[in-house]
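The primary structure of each chain is shown beneath.
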Amino acid sequence: MGETMTKDAAAPEAGTERRLNMIEAINEALDVMMTRDPDTVVFGEDVGYFGGVFRCTAGLQEKHGKSRVFDTPINECGIIGVAVGMGAYGLRPIPEIQFADYIYPGLDQLISEAARLRYRSAGEYIAPMTVRSPFGGGIFGGQTHSQSPESLFTHVAGLKTVIPATPFDAKGLLISAIEDNDPVIFFEPKRIYNGPFSGYYDKPVEPWKRHKDSVVPEGYYKVPLGKARRVTEGEQMTVLAYGTMVHVAQAVCEAKGVEADILDLRTMVPLDIEAIEASVKRTGRCMIVHEATRTSGFGAELSALVQERCFYHLEAPIERVTGFDTPYPHSLEWAYFPGPVRLGEAIDRLLKD
Amino acid sequence: MAGPNDTSSTGDNRPALSLHVPEPNFRPGDKVDYSHLNIPEAGEQFRPDEACAALDTAPLAHDLIRVLGDDDKAHGPWDPKLDADTLREMLGHFAMVRAFDERMFRGQRQGKTSFYMKCTGEEATSISTAMALASDDMVFPSYRQQGVLIARGYPLIEMINQIYSNKGDKLKGRQLPIMYSSREHSFFSISGNLATQTPQAVGWAMASAIKGDSRVAATWVGEGSTAEGDFHSACTFATVYNAPVILNVVNNQWAISSFSGFAGGERTTFAARGLGYGLASLRVDGNDPLACYAAEKWAADRARANAGPTLIEFFTYRAEGHSTSDDPSGYRSAEEREEWPLGDPINRLKKHLIALGEWDEERQTALDVECVELVKKTTKEAEKNGILGHGLHHPFRTMFEDVFEELPWHLKEQAEQAIHERETKFPEGLPAKGVQG
Chain V
0 MGETMTKDAA APEAGTERRL NMIEAINEAL DVMMTRDPDT VVFGEDVGYF
50 GGVFRCTAGL QEKHGKSRVF DTPINECGII GVAVGMGAYG LRPIPEIQFA
100 DYIYPGLDQL ISEAARLRYR SAGEYIAPMT VRSPFGGGIF GGQTHSQSPE
150 SLFTHVAGLK TVIPATPFDA KGLLISAIED NDPVIFFEPK RIYNGPFSGY
200 YDKPVEPWKR HKDSVVPEGY YKVPLGKARR VTEGEQMTVL AYGTMVHVAQ
250 AVCEAKGVEA DILDLRTMVP LDIEAIEASV KRTGRCMIVH EATRTSGFGA
300 ELSALVQERC FYHLEAPIER VTGFDTPYPH SLEWAYFPGP VRLGEAIDRL
350 LKD
Chain B
0 MAGPNDTSST GDNRPALSLH VPEPNFRPGD KVDYSHLNIP EAGEQFRPDE
50 ACAALDTAPL AHDLIRVLGD DDKAHGPWDP KLDADTLREM LGHFAMVRAF
100 DERMFRGQRQ GKTSFYMKCT GEEATSISTA MALASDDMVF PSYRQQGVLI
150 ARGYPLIEMI NQIYSNKGDK LKGRQLPIMY SSREHSFFSI SGNLATQTPQ
200 AVGWAMASAI KGDSRVAATW VGEGSTAEGD FHSACTFATV YNAPVILNVV
250 NNQWAISSFS GFAGGERTTF AARGLGYGLA SLRVDGNDPL ACYAAEKWAA
300 DRARANAGPT LIEFFTYRAE GHSTSDDPSG YRSAEEREEW PLGDPINRLK
350 KHLIALGEWD EERQTALDVE CVELVKKTTK EAEKNGILGH GLHHPFRTMF
400 EDVFEELPWH LKEQAEQAIH ERETKFPEGL PAKGVQG
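Note that the protein sequences, when read in sequence, are chains V and B. Everything in the first sequence is counted per numbering that gives the first Met the number 0, starting at 0 for the first residue and increasing by one. Everything in the second sequence is counted per numbering that gives the first Met the number 0, starting at 0 for the first residue and increasing by one.
Take these hints with a grain of salt, some might be off.
What the hints assert, rightly or not - Label-pair ranges, simulated between beta-carbon atoms:
| hint | chain 1 | residue 1 | chain 2 | residue 2 | range |
| --- | --- | --- | --- | --- | --- |
| 1 | V | Thr325 | B | Cys51 | 50 to 60 Å |
| 2 | B | Arg26 | V | Ala299 | 43 to 53 Å |
| 3 | V | Lys351 | B | Ser324 | 56 to 66 Å |
| 4 | V | Pro203 | B | Glu415 | 34 to 44 Å |
| 5 | B | Glu183 | V | Ser111 | 56 to 66 Å |
| 6 | V | Ala299 | B | Glu415 | 47 to 57 Å |
| 7 | V | Ser111 | B | Leu373 | 30 to 40 Å |
| 8 | V | Ser111 | B | Glu427 | 48 to 58 Å |
| 9 | V | Ser111 | B | Asn305 | 26 to 36 Å |
| 10 | B | Asp325 | V | Val52 | 27 to 37 Å |
| 11 | V | Asp45 | B | Ala333 | 29 to 39 Å |
Rather than coming from a laboratory, the hints here were simulated on the basis of the structure. All values derive from a computational prediction rather than experimental measurement. We treat Cβ as the ideally placed atom computed from N, Cα and C, and that holds for glycine.
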């Protein structure tokens with residue numbers, strides 16, 4: 000844990016609520032779980048002494064020891080592979096993949112091994128790992144530090160996929176993920192590590208401390224997997240979003256004066272279908288937003304589910320607002336990003352009749 | 000050739016390059032001559048201390064550790080000096096695995112299951128090695144290590160139930176035959192994807208070290224699969240964390256129809272790959288049960304002493320096809336098996352015991368008959384639980400279980416759909432036999 004944070008955590012000023020950014024909240028979740036459960040181990044590229052390139056594991060090695068928090072070779076196949084073996088031993092591994100874009104060499108170990116271990120061994124062996132990884136764009140990461148590959152994982156039987164959008168949720172969801180006995184992919188939207196993002200990239204960065212969901216309780220608490228969060232309540236339309244796009248959607252709706260029922264899905268698998276269904280049946284209009292590429296994106300699944308379950312309640316075609324089907328370009332990052340213009344036009348189409 | 004990717008050079012005098020595509024020495028019909036193989040005398044190889052520096056093993060990575068000589072006697076510093084009872088126990092496991100393989104192969108041909116894989120000729124690489132480990136050392140096998148289960152006393156009926164995917168199969172009919180799993184026997188679930196078990200074994204060993212445990216891990220991988228990235232990951236993590244793990248590479252010369260040259264075997268030994276990582280590396284006569292035992296014991300002692308991981312290449316020969324699904328006469332010379340210069344491991348152990356005055360042909364015959372009879376009896380018993388495709392499988396609902404610890408809504412919906420489909424197909428209820436439901 001960083002020095003500033005330790006101070007904050009130990010001695011919040013009287014009368015003020017403790018506010019953390021997302022990095023601090025994630026760090027605290029790891030610390031809480033490492034303290035509670037001696038079987039947890041944290042490892043990944045640069046996570047040990049240095050504390051991670053985004054600082055999410057800062058201070059953990061010093062506090063919990065080198066055999067429970069350590070650096071690894073630059074080898075994602077090995078990182079996930081040893082996590083499977085550690086899980087078989089009885090540990091609860093929490094590997095970090097430095098960028099979601101780097102996860103592909105580990106896919107066979109995730110898809111063919113971790114995801115199916117419980118099934119193929121009829122419950123003899125499980126893979127209770129939580130794979131943390133920063134994902135998404137908006138930080139000028141170019142095509143290898145910006146991707147949103149969540150739908151590769153939601154497509155795999157046996158994996159859970161979790162994406163928090165606030166510090167409060169990041170801590171509570173991560174604790175749930177670590178305690179979960181199934182393998183969980185925990186994608187952290189790195190654009191909002193330090194503050195929520197409205198999508199108006201030319202405006203000054205907003206810090207988390209002014210956001211209501213940066214109030215993070217000390218110690219242990221859980222946000223359950225599979226329960227969506229209602230961000231704003233509204234009757235005009237439903238917005239299904241997760242991660243960074245929750246904040247963008249909220250800002251655009253506010254700017255346009257649209258009263259939307261915005262659902263932060265939090266977990267793709269398991270999905271809170273009840274909340275989705277109830278909301279769309281009430282509003283009759285649905286906009287799905289994600290930063291990932293469009294074709295076969297998770298929005299396609301959401302759109303199909305809404306159509307199957309809410310067809311006779313729909314008053315307009317479902318809108319999908321996504322990144323384009325190109326690699327994430329460096330210089331044209333904001334042309335790729337599903338920003339206020341793309342969302343605004345989709346909202347206009349949804350509401351025009 | 001002209002196009003955006005055309006990078007061919009034009010108009011210079013440099014010689015044209017040519018691609019080397021490896022070709023085995025012998026193809027079907029060819030006369031086989033193994034005189035190019037350098038087979039040293041048994042007993043000639045030095046035996047370093049188990050706690051030696053990894054690179055002190057370098058000469059052994061290019062040699063071949065052998066104990067049993069042509070005179071059927073044990074020679075040299077690697078002689079594990081096993082007592083006669085242990086040697087007879089080993090021989091008993093050998094006989095059992097061979098009888099089991101014969102029966103199961105035939106069962107597949109009779110349509111009782113979809114698939115089988117024998118380990119004929121390679122028995123020592125799993126049985127002798129398993130006997131050198133503690134019974135609670137964790138093993139991460141590939142698909143040809145049935146000998147480990149037999150040596151650890153796993154019930155034959157469990158193996159057959161699994162092979163038949165019947166209602167007695169504790170893996171609920173989910174896995175291809177022979178992809179066993181037994182936590183009770185410290186035997187990891189076999190994947191079917193190749194070499195994935197190798198970094199997992201390293202991870203298990205790291206966990207054992209993290210927890211201050213005394214158990215070590217061992218994994219097996221074919222020489223062909225060492226080409227997978229996972230194997231590189233395993234070697235790297237093993238050396239970085241000095242993990243208490245043994246990486247057993249079974250070089251049986253063939254990966255289905257591709258000879259070891261397609262894993263780089265033309266250039267260096269498989270044992271020698273370990274040296275580059277800083278792993279202790281041994282190359283062993285894989286058809287010499289005593290050498291296999293001794294090498295695995297050396298590596299297990301080394302790991303247990305926190306002295307580091309070991310890579311062992313077992314130089315052996317896959318005497319049969321890869322599985323029931325291929326016919327080796329289509330890609331290699333039938334003479335290879337007959338001419339293989341390292342002999343048959345079972346025969347070599349038998350002759351050794353006879354040379355010691357601790358065994359004879361009569362007892363061997365009785366042992367073989369006893370194993371065949373036991374396998375036959377157990378097979379009949381297992382068939383009462385059903386054979387593949389004859390309806391006696393696990394209850395239908397189990398198909399949706401164990402995807403997750405708890406059934407999420409979408410799997411509940413899909414399970415209802417599946418049950419509905421079955422009721423539509425069989426409105427009168429499920430027939431007793433002859434359908435897959």
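Hint-by-hint comparison with the structure:
no. : hint                            : in the structure
1   : V/Thr325 - B/Cys51: 50 to 60 Å  : holds (55 Å)
2   : B/Arg26 - V/Ala299: 43 to 53 Å  : holds (50 Å)
3   : V/Lys351 - B/Ser324: 56 to 66 Å : holds (60 Å)
4   : V/Pro203 - B/Glu415: 34 to 44 Å : violated (52 Å)
5   : B/Glu183 - V/Ser111: 56 to 66 Å : violated (24 Å)
6   : V/Ala299 - B/Glu415: 47 to 57 Å : violated (24 Å)
7   : V/Ser111 - B/Leu373: 30 to 40 Å : holds (35 Å)
8   : V/Ser111 - B/Glu427: 48 to 58 Å : violated (40 Å)
9   : V/Ser111 - B/Asn305: 26 to 36 Å : holds (32 Å)
10  : B/Asp325 - V/Val52: 27 to 37 Å  : violated (48 Å)
11  : V/Asp45 - B/Ala333: 29 to 39 Å  : violated (55 Å)
Of the numbered hints listed earlier, those contradicted by the structure are 4, 5, 6, 8, 10 and 11.
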